[in-house]
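So you can see what is in the structure, the chains are spelled out below.
There are 2 protein chains.
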Amino acid sequence: MNRLRGVLALVMLGLMGGRTAAQAKKPGSLTIKEQGSFFVGGEHRQVTQPGFGPNAPPITGEITVNQMYVQYQIPMKGDQHAPVVMVHGCCLSSKTWETTPDGRMGWSEYFVRKDRPVYLADQVSRARSGFDPTTFADVRQGKTPPAQMPTILDATHQVAWTVFRFGPKFGEAFPDEQFPIQAMDELYKQMIPDLNATLPQNPNPTWTQMAALGVKLRGAVLMGHSESGFFPEQAALIDPSGIKGIVSIEMPCVTNLTDAQIGTLAKIPTLVMFGDHLGDVTGGPANWAQSFGTCNTFVDQLKKAGGDAEMMHLPALGIKGNSHMLMQDKNSDQLADLVIAWLDKHVDAKNGRSKNATR
Amino acid sequence: MNRLRGVLALVMLGLMGGRTAAQAKKPGSLTIKEQGSFFVGGEHRQVTQPGFGPNAPPITGEITVNQMYVQYQIPMKGDQHAPVVMVHGCCLSSKTWETTPDGRMGWSEYFVRKDRPVYLADQVSRARSGFDPTTFADVRQGKTPPAQMPTILDATHQVAWTVFRFGPKFGEAFPDEQFPIQAMDELYKQMIPDLNATLPQNPNPTWTQMAALGVKLRGAVLMGHSESGFFPEQAALIDPSGIKGIVSIEMPCVTNLTDAQIGTLAKIPTLVMFGDHLGDVTGGPANWAQSFGTCNTFVDQLKKAGGDAEMMHLPALGIKGNSHMLMQDKNSDQLADLVIAWLDKHVDAKNGRSKNATR
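Protein chains in written order, with my numbering: chain X, 765 to 1123; chain P, 765 to 1123.
One copy or any two copies: either way a pair holds, since identical chains are not told apart in the list.
Straight-line alpha carbon distances no greater than 30 Å define the calculated BS3-like cross-link-like pairs of lysine-lysine that follow:
#1 K841 - K878
#2 K841 - K1031
#3 K1031 - K1114
#4 K980 - K790
#5 K797 - K878
#6 K790 - K841
#7 K980 - K1031
#8 K1114 - K878
#9 K797 - K841
#10 K1114 - K797
#11 K790 - K878
I should point out that these hints are in silico values taken from the structure, not numbers from a laboratory.
Just need the whole structure built from these sequences, with the hints factored in.
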């Protein structure tokens, strides 16, 4: 019976997803003030590599590591709102925020059309940010034992299905699932190897570069998801001066911060979002009910310290069926509107953005 | 004396580069008809990975490999011209075509502002296209010997300086060097590990996906650079039906194609571009004078077979000092105009583009 409901749900989702995509595909022209890309951070590292040709001596030189690639669009009225920096999760890239698997507009363009400057960052060691290949080369040359090679994380389709809460088990969707299941293959193509194990830990350079990006932008909202969900907070603990707001989506929260750390974070308006079915998938590497619990604790800690913090649990607002990839779910525009309304009230209004805009 | 000239050149370039960047930074607003991103190709591969937790049994599942990430913008008058697909070279990503190291507009936006739909592809196994990590995982687990691990290519700053022909040796620029030397550090950040050794060879899946993208777009110009310089030709040898024109920039050309292969390629208008100082850097992994020779041979072969092929050697047009990264050189707008004028005459005019546009 459950299986039949799942199949029926798949069929219905397919029909609805198709219709939604067709309706939404032509949003009309878009005028932007400026666009481009740049890097934040990056250091030189000296390396020794094999020479050119079989008998050539090794070459010593430098490579650049730990830089973070950022791609941006500034809308015509971008001065009226704080820029939003979006950072993707594990085994994904900034593609997360672009065209959805079923071909609708992603959050990046949607936010631009709502007059927000948007900055998409590929995490350090992922996608266009590149990674430090030194240890792999050392293992290949026999200088380092294979077991010391950094683990490359990648999720199988099977693992993703349950971790991303598309349904109770692989191939079976929740009856009210909001992810566009019929376009699943397009999500699988977005899932790329995660080389974060090659990075220095604590601080992860992505945290450092996110904090620096906030400063460079003279104030920005940092948004993280899943693996990067708590990165905005980690960035703020390095340097809060450029962080005007935080949006943390679906991650485990750190609950043993010191009073001083909570005090720092409590000065930044913080929105935490979680979707549906948090307790409905068991097994696998993620425990969403537990993560939700840690974030409720964290939000309470911020509030007790006088912070403007909110836990937005979508089912509590009557919004059902959202997956872990909620920015790609069929109601992604609706969810974006919730975030934008929160930013208007809790970040832009408080920061007198229109005053800043005249600088 | 040469060293002094180099230093003086660096200082002058710094001054000029700064001025150019400041002048060019505000090109005015841009209205686009549509933008987004998608993948071309991609297959499922079954893999076995370690389970979650120390005593968990291995997990068998599927991952997606060989997909190619593509990001696009279509300008308002995009129907008037064939779309242009730009593919980057070794140890680089689509960042190649975006904002230049010294902060000017890159070719991607420039072509859009000249009414061309532009599609930026990250090569398969690079950047947002991801890569197949299976062999690395197998080496780490002791299933495969380290020596069989694919070589990860990355270029040191020192190697890049001469291979990209910024000057005769590291830290010394050619007196007439067109690359914005003062912004070199920003180029170094673009240089990321190249995992093409993980790919099936001949055909490289990037060739296959480029051909498929041409078909999907119902006709496109394919542009390659350096490592990917001959990829448009390789794509055309797989399926020429969607390829309306080829722009090949600075690479070794294949000169032992069969008459049938040359016959296929001769049906596609082809522009080959080379910059300056081809014989002025010796040593290192690239031999530009030799590459130039092979491409002259190739262009002659196309012409003899009745093809519309052109070797555009910039110094022969009186344009001096261009590096291997010519799309980022200080005169990048001028070079883009040369390509655009060539496309107008040799591709769009011949293909009755305005007729196609009404479809």
